[in-house]
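Student: Sequence:
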Amino acid sequence: MRVKNVTVHGGTATPRSAKNRSKPLGGIGLKRNMEASFTVPGVPVGKARPRVTLRGGRVWAYTPAKTRVYEEEVRSVARLVFGKPLLGPLGADLTLCFPVPASWSRTKKSLALQGQIRPTGKPDCDNAIKGLFDAMNGVAYKDDSQVVLLTAEKKYAERPCAHVRIWQLE
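My numbering puts the first residue of the sequence shown at 1, with every later residue one more than the last.
Treat the hints loosely; a few may be bogus.
[Claimed, not checked] Only pairs whose alpha carbons sit at most 20 Å apart, straight line, appear in this in silico EDC-like list of lysine to aspartate or glutamate:
1) LYS84 to ASP143
2) LYS84 to GLU170
3) LYS84 to GLU35
4) LYS142 to GLU71
5) LYS130 to GLU153
6) LYS142 to GLU35
7) LYS84 to ASP144
8) LYS142 to GLU170
Quick caveat, the hints were computed from the structure, so don't treat them as lab data.
Keep in mind that this is a model prediction, so the values were computed, not measured.
From just these sequences and the hints, can you work out the full model?
Tutor: Here it is in structure tokens:
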């Protein structure tokens, strides 16, 4: 697969050069092959549980609007980066950037932006990952079960967003 350099909301999709392609990943013997990254603007949204309602005597399950809208945004940004879904085992780095609460003092905001205070509130990291991964199914990869190596981080930032980097493992 060939991914061209594409700028998307500050992110890029770049093939690894032949020189860097065989660098071991994190000292665990895996190697990087194809790599792509992109940024989804806005506050990361966790995957919400399906809601159930009764209409016309029938039970209907649906995904909440907030989750559906966020997943479509992630999907649309990922489509700009990925031509075809990646195959084989994949690695993923996710950085979830949240806004600093407006009620915090200048000192506390500064500490948060320096990484000395971390966001421990909702959404849970696993729910945010699930929302991103489900949105990228069929776009970045055939199925999120292909991701065998994952790092995720929640932090505060001036601009809320989700940075996503996915690469093929050899």
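Student: So if I understand the rule, the pair passes when the alpha-carbon distance is 20 Å or less; does LYS84 with ASP143 pass?
Tutor: 13 Å, holds
Student: Between LYS142 and GLU170, does the CA-CA distance stay at or below 20 Å?
Tutor: Holds, at roughly 17 Å.
Student: Is it true that the CA of LYS130 sits at most 20 Å from the CA of GLU153?
Tutor: 14 Å, holds
Student: Holds or violated: LYS142 and GLU35, Cα atoms, limit 20 Å.
Tutor: Holds, at about 16 Å.
Student: Does GLU71 sit within 20 Å of LYS142, going by the straight-line distance between their CA atoms?
Tutor: 16 Å, holds
Student: Tell me if the straight-line CA distance from LYS84 to GLU170 falls inside 20 Å.
Tutor: 18 Å, holds
Student: Are the Cα atoms of LYS84 and ASP144 separated by 20 Å or less?
Tutor: Cα-Cα ~15 Å, so holds.
Student: For the pair we were handed, LYS84 and GLU35, check the Cα-Cα distance against 20 Å.
Tutor: 13 Å, holds
In the structure shown, no violation is registered for any of the earlier numbered hints.
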